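Residue numbers (my numbering), protein chains in the order written: chain S, 1 to 258; chain R, 1001 to 1292.
Calculated directly from the structure, the hints in this document are not laboratory data. A couple of the hints might just be wrong.
What the hints assert, rightly or not - Chain S regions said to be covered by chain R (calculated; three or more residues, Cβ under 8 Å): (1) 56 to 65; (2) 97 to 106; (3) 111 to 120; (4) 155 to 164.
Claimed, not checked - Below, simulated DSS-like cross-link-like pairs (lysine-lysine); rule was C-alpha separation at most 27 Å, straight line: (5) 1071/R x 114/S; (6) 103/S x 245/S; (7) 140/S x 114/S; (8) 245/S x 25/S; (9) 1105/R x 22/S; (10) 1071/R x 103/S; (11) 140/S x 103/S; (12) 1191/R x 1285/R; (13) 114/S x 103/S; (14) 1285/R x 103/S; (15) 1071/R x 1143/R; (16) 1191/R x 1105/R.
Unchecked claim - Across the chosen pairs, the derived CB separations fall in these ranges: (17) 1172/R x 255/S: 55 to 63 Å; (18) 79/S x 1172/R: 26 to 34 Å; (19) 1031/R x 43/S: 51 to 59 Å; (20) 80/S x 1174/R: 54 to 62 Å; (21) 140/S x 1174/R: 20 to 28 Å; (22) 73/S x 1185/R: 31 to 39 Å.
Just so we're clear, the structure is a prediction, and the values are computed from it rather than from any experiment. Beta carbons are placed, not taken as given, at the ideal position from N, Cα and C, and that holds for glycine.
Each chain, letter by letter, is given below.
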Amino acid sequence: MTEQTAPIFRVNELSLFYDEFKALKEINMEIRRYSITALIGPSGCGKSSLLRCFNRMNELIPSARIDGQILFEGTDLYDDDVDATEIRSRIGMVFQRPNPFPKSIYDNVAFGLKVNGYMGDMDEAVERSLRQAALWEEVKDRLRASALELSGGQQQRLCIARALAVEPEVILMDEPASALDPIATLAIEELVRELSQHYTIVIVTHNMQQAARVSDETAFLMVGDDRAGYLVEHGDTNQIFTTPKHERTEAYITGRFS
Amino acid sequence: MALYNSRFNPRLARRKTVGGIFYGVFLAAVMVGIIGLAVLLAQTLIEGLPWLDFGFLTSYMSRHPELAGVKAAVMGTLITIAFTAIFTVPIGVGAAIYLEEYAPKNRLTQIIEVNISNLAGVPSVVYGLLGLGVFVQLMSLGKVVLAGALTLTLLVLPIVILASREAIRAVPNEYRLGAFALGADQWQVIKGTVLPSALPGILTGTILALSRAVGEAAPLLVISGLVYVTFVPGPLDRFTVLPLQIFTWVGRPQEEFRSLAAAGIIVLLIILLSMNAVAVLLRNKYQTRSED
């Protein structure tokens, strides 16, 4: 396997607990480099919880604990000498609801640069990130305006720009368009497709059409009888949506349950 | 009237009367406060205003009422409160940050939280006695400005901590998550997102707490006693504050000193109202900004 084809993440027997409650059960999967992987499944199946395991955001919930491992570029993310802070600057995240800081547009993008000790030209990096997030043309004349004055779709693209500024290798997206109108949603989807040329993207969505439109691979999770989420099937998006191997997958994508 | 059948007895007239009576009772309850305050204020103004002039503000204490002024007391108040603020803000905000952002949610934290709330209700004279024992005697500071400021710090700290915690808790968690996701560590998250958002609330709470300390006479009476100060005090000098000065004058037998006390109260009120005005301005500025 060459560097390009080796998976960027390898998840081995990953289980996630909140106190005694098992939220995810023995997940095994690989995430391909420079691809878009969609995590789909019914509410409560743990797809967002799984996403947060990839950049150790779950550790901010005091009761959360994991079993098993996630290898990122071959090293265990949860190894004692791996620093969560460093991991999060290499694996960025975009949240369900746009959450720009109550600062100027410029300062929102510059925040990640500053906390990570960026030594290059700040203005140039801010412009590059905003361009990458397809927001530059709309905001270039008002970089000092408050980010809260932007529309929801613009705010979400600002959050994507903010994540890109830190030059991550992976971007995790937790239903990034679920709080947006259809037009803003399309803009985000187009952006996600474009970004996948340079970044590995894992995206959680409850919108099956979105998964089908955007992703290269799809992983389908379900809730078991013990209320723990488990991985039913993972494969090429085309295959999952046309010839799913499991009955449950087919039932879900054809809308027979949700 | 056909609406009502025999199984209802609406007694509309009676209900209206009862409703009217309660309206009157509640209105009266409000009026007691407002009228009481208005009478007090009017009496103070009538008595004190004639004595309130430039000389009153720039003169030290004197045995002759027409020569006496509040300079030592006003300066004593301002300097004591300034030191109180210097001690209170870092300790109070620091404690609030620890409790909200760092402390594990366990029994010990809970006990600390409950005790801070209780401390906010302890009578101020108790703090005066504590200050007398610890700062004046044990630390041998003497009955000086610094001892007074430290005592007032203990008095307002619980309030500042509670207000700061409220302000910090009001910061949306999404800001913290957003910052963490960019690779910020705990302190960078606090410095970059939590504190800027919480600052107006923290300042408002702190100023209101300090304005409470400005009006306190009891703890400083214990610390400083009634002294005759004819200079602007430094941190290690004996001092007096406005409430103590007013207290002294009220206790004098001569009518003129009673009027001087009224003039002193007006000065104290002006200081308090200005502090509260700053707090209100800060809050309004914060509100309009968050509505954007």
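Each hint, compared with the structure:
A stretch counts as covered by a chain when three or more of its residues have a beta carbon under 8 Å from one of that chain; for the region 56 to 65 of chain S and chain R the count is 3, and the coverage holds. Requiring three or more residues with a Cβ within less than 8 Å of a Cβ of chain R, the coverage given for the region 97 to 106 of chain S holds, as 6 such residues are present. Counting residues of the region 111 to 120 of chain S whose beta carbon lies closer than 8 Å to any beta carbon of chain R gives 5, which reaches the threshold of three, so the coverage claim holds. Beta-carbon proximity to chain R at under 8 Å applies to 3 residues in the region 155 to 164 of chain S; the threshold of 3 is reached and the given coverage holds.
For the proposed pair residue 1071/R and residue 114/S, the alpha carbon gap of about 49 Å is over 27 Å, so the pair is violated. Distance hint between residue 103/S and residue 245/S is unfulfilled; the C-alpha atoms sit about 48 Å from each other, more than 27 Å. At roughly 20 Å between alpha-carbon atoms, residue 140/S and residue 114/S fall within 27 Å of each other, so this suggested pair holds. Straight-line distance between C-alpha atoms of residue 245/S and residue 25/S comes to about 20 Å, which keeps the hinted pair within the 27 Å bound.
Note on residue 1105/R and residue 22/S: the hinted pairing holds, with a Cα-Cα distance of about 22 Å set against a maximum of 27 Å. Taken as a hint, the residue 1071/R and residue 103/S pair is broken in the structure, with Cα atoms around 44 Å apart against an allowance of 27 Å. For the hint linking residue 140/S to residue 103/S, the alpha-carbon distance of about 16 Å falls within 27 Å, and the restraint holds. With a C-alpha separation of about 21 Å, the suggested pair residue 1191/R and residue 1285/R falls inside the 27 Å cut-off, and the hint holds.
Proposed proximity of residue 114/S and residue 103/S is supported: the alpha carbons are some 14 Å apart, at most 27 Å. For the given pair, residue 1285/R sits about 15 Å from residue 103/S by alpha-carbon distance, which is consistent with the 27 Å threshold. This hinted pair checks out: residue 1071/R and residue 1143/R have alpha carbons roughly 19 Å apart, not beyond 27 Å. Simply put, residue 1191/R and residue 1105/R have alpha-carbon atoms about 22 Å apart, close enough for the 27 Å limit, and the pair holds.
Distance hint check: the CB atoms of residue 1172/R and residue 255/S are about 35 Å apart, inconsistent with the given range 55 to 63 Å. The given range of 26 to 34 Å is respected by residue 79/S and residue 1172/R, whose C-beta atoms sit roughly 32 Å from each other. About 55 Å separates the C-beta atoms of residue 1031/R and residue 43/S, a value consistent with the hinted range of 51 to 59 Å. One distance hint, 54 to 62 Å for the beta-carbon pair residue 80/S and residue 1174/R, is violated here, with the actual separation near 29 Å.
Taking 20 to 28 Å as the suggested C-beta distance range, the pair residue 140/S and residue 1174/R conforms, at roughly 26 Å. As the Cβ distance of residue 73/S to residue 1185/R is approximately 22 Å, the hint placing it in 31 to 39 Å is violated.
In summary, the numbered hints that this structure violates are 5, 6, 10, 17, 20 and 22.
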